[in-house]
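**Student:** Protein chains in written order, with our numbering: chain A, 121 to 212; chain B, 8 to 203.
Because the hints were derived from the structure by calculation, they are not lab data. Predicted model, so just to flag it, every value in this text is computed and none were measured. Be aware that one or more of the hints could be misleading.
Stated by the list, open to error - Here are some of the chain A residues that sit facing chain B, going by a computed Cβ distance under 7 Å:
#1 H140
#2 P144
#3 K160
#4 F161
#5 L178
#6 G196
#7 V197
#8 V199
#9 T200
#10 A201
#11 D202
The beta-carbon is built from N, C-alpha and C at its ideal position, and this holds for glycine as well.
Spelled out, the chains give:
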Amino acid sequence: MSPFRVGERAVVRLGNPDGHTRVPGYLRGKCGEVIEILGKFVLADDSARGIRSPEQMLYTVRFQAEGIWGADGAPGVSVTADLWESYLEGAT
Amino acid sequence: MSHDHEGSAAVSNRVKLLVTALQERSVLTEAQLDDTVEKLLLHSKPANAFAMVARSWVDAAYKARLLADANAAAAELGIDLSHWSPVKLRAVENTPVSHKVIVCTLCSCYPIALLGPSPTWYKSEAYRSRVVRDPRSVLAEFGVSLPDEKEITVWDSTAEVRYLVIPQRPAATENATEAQLAAMITRNGLIGTALL
Chain A
121 MSPFRVGERA
131 VVRLGNPDGH
141 TRVPGYLRGK
151 CGEVIEILGK
161 FVLADDSARG
171 IRSPEQMLYT
181 VRFQAEGIWG
191 ADGAPGVSVT
201 ADLWESYLEG
211 AT
Chain B
8 MSHDHEGSAA
18 VSNRVKLLVT
28 ALQERSVLTE
38 AQLDDTVEKL
48 LLHSKPANAF
58 AMVARSWVDA
68 AYKARLLADA
78 NAAAAELGID
88 LSHWSPVKLR
98 AVENTPVSHK
108 VIVCTLCSCY
118 PIALLGPSPT
128 WYKSEAYRSR
138 VVRDPRSVLA
148 EFGVSLPDEK
158 EITVWDSTAE
168 VRYLVIPQRP
178 AATENATEAQ
188 LAAMITRNGL
198 IGTALL
């Protein structure tokens with residue numbers, strides 16, 4: 121899994137894990153643009169399960185409202201979220 | 008609102024059980040817990056963020072440092088963050104063309120160390136679910152009517168960053184002192200649900 125660069129497009133992976141996660145459901149499967157690389161942090165999903173895993177890169181990703189809500193998304197509106205690398209995959 | 012009461016009673020009960028378990032195992036004493044909570048409440052107040060934003064309006068170099076590294080910019084003004092979780096603080100700036108508003112759709116993440124405890128509405132499901140879907144309408148309900156051409160960015164605090172909005176400096180304040188400017192700032196202004 122290669123790290124994402126600023127300006128690159130990324131898609132939030134589909135999934136529905138049983139335990140704790142920090143992926144907001146409304147962004148699953150949505151495509152956004154990486155706007156900041158925040159550094160490495162322990163993945164919240166693992167720490168909630170008591171799993172000691174290596175820190176993972178965290179990114180700020182910006183999503184346009186039309187990309188989240190389709191025709192119901194207002195032009196000029198965007199939402200950002202902070203997402204760990206394993207939550208994301210490259211946009212095709 | 009009976010659901011909320013049941014929720015907080017369940018949480019209180021869980022916290023009591025956890026504290027008892029930690030005390031029984033000599034991990035924590037009641038005095039240590041009281042001391043930690045007291046320090047957090049003593050140091051976490053809106054005056055911290057008001058001082059940072061007022062300074063950013065009178066000192067462009069400070070604003071640049073605040074936008075680049077808000078933890079360091081807080082420390083620079085003597086704001087002690089050691090009593091809080093080690094999270095990354097980030098300031099985002101309103102401009103003539105773009106308005107910012109913060110939320111935590113997953114729970115209630117908030118820059119407590121800089122703004123004190125969050126308002127009740129910030130934790131409500133209505134705010135958390137609606138502000139990402141239709142921020143223009145939600146902001147209008149707060150009395151913030153933005154022209155259609157103004158862009159809005161909603162910052163969802165989903166992980167290890169806590170956000171703070173730097174509002175635009177109020178109009179006609181060229182002669183105001185830093186202290187006078189700080190007194191014009193409101194908590195909602197720094198969440199993005201008010202204009203100054």
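**Student:** Taking 7 Å as the limit, does the beta-carbon of L178 of chain A come near enough to a beta-carbon in chain B?
**Tutor:** holds (6 Å)
**Student:** Using Cβ atoms only, decide whether A201 of chain A comes closer than 7 Å to chain B, and label the hint accordingly.
**Tutor:** For A201 of chain A, the interface hint holds, since the closest Cβ of chain B sits about 5 Å away, which is under 7 Å.
**Student:** Hey, does the H140 of chain A contact hint survive, CB to chain B under 7 Å?
**Tutor:** Check failed: Cβ of H140 of chain A comes no nearer than 10 Å to chain B, outside 7 Å.
**Student:** Interface hint check: V197 of chain A, Cβ to nearest Cβ on chain B, cutoff 7 Å. Holds or violated?
**Tutor:** This hint holds: V197 of chain A lies near chain B, its Cβ roughly 5 Å from the closest one there, short of 7 Å.
**Student:** Have a go at the P144 of chain A hint: is there a Cβ in chain B nearer than 7 Å to its own Cβ?
**Tutor:** Result: holds, 5 Å to nearest chain B Cβ.
**Student:** Min Cβ distance, G196 of chain A to chain B: is it shorter than 7 Å?
**Tutor:** holds (5 Å)
**Student:** Quick check on V199 of chain A please, does its C-beta sit within 7 Å of some C-beta on chain B?
**Tutor:** holds (5 Å)
**Student:** Is the interface hint satisfied for F161 of chain A? The criterion is a beta-carbon contact with chain B at less than 7 Å.
**Tutor:** holds (5 Å)
**Student:** Could you check if T200 of chain A really has its C-beta closer than 7 Å to a C-beta on chain B?
**Tutor:** holds (5 Å)
**Student:** Hint check: is the beta carbon of K160 of chain A less than 7 Å from a beta carbon of chain B?
**Tutor:** Cβ of K160 of chain A sits 10 Å from chain B, so the hint is violated.
**Student:** Does the nearest C-beta of chain B fall within a distance shorter than 7 Å of the C-beta of D202 of chain A?
**Tutor:** holds (4 Å)
Consistency with the previously given hints fails for numbers 1 and 3, ordered from lowest to highest.
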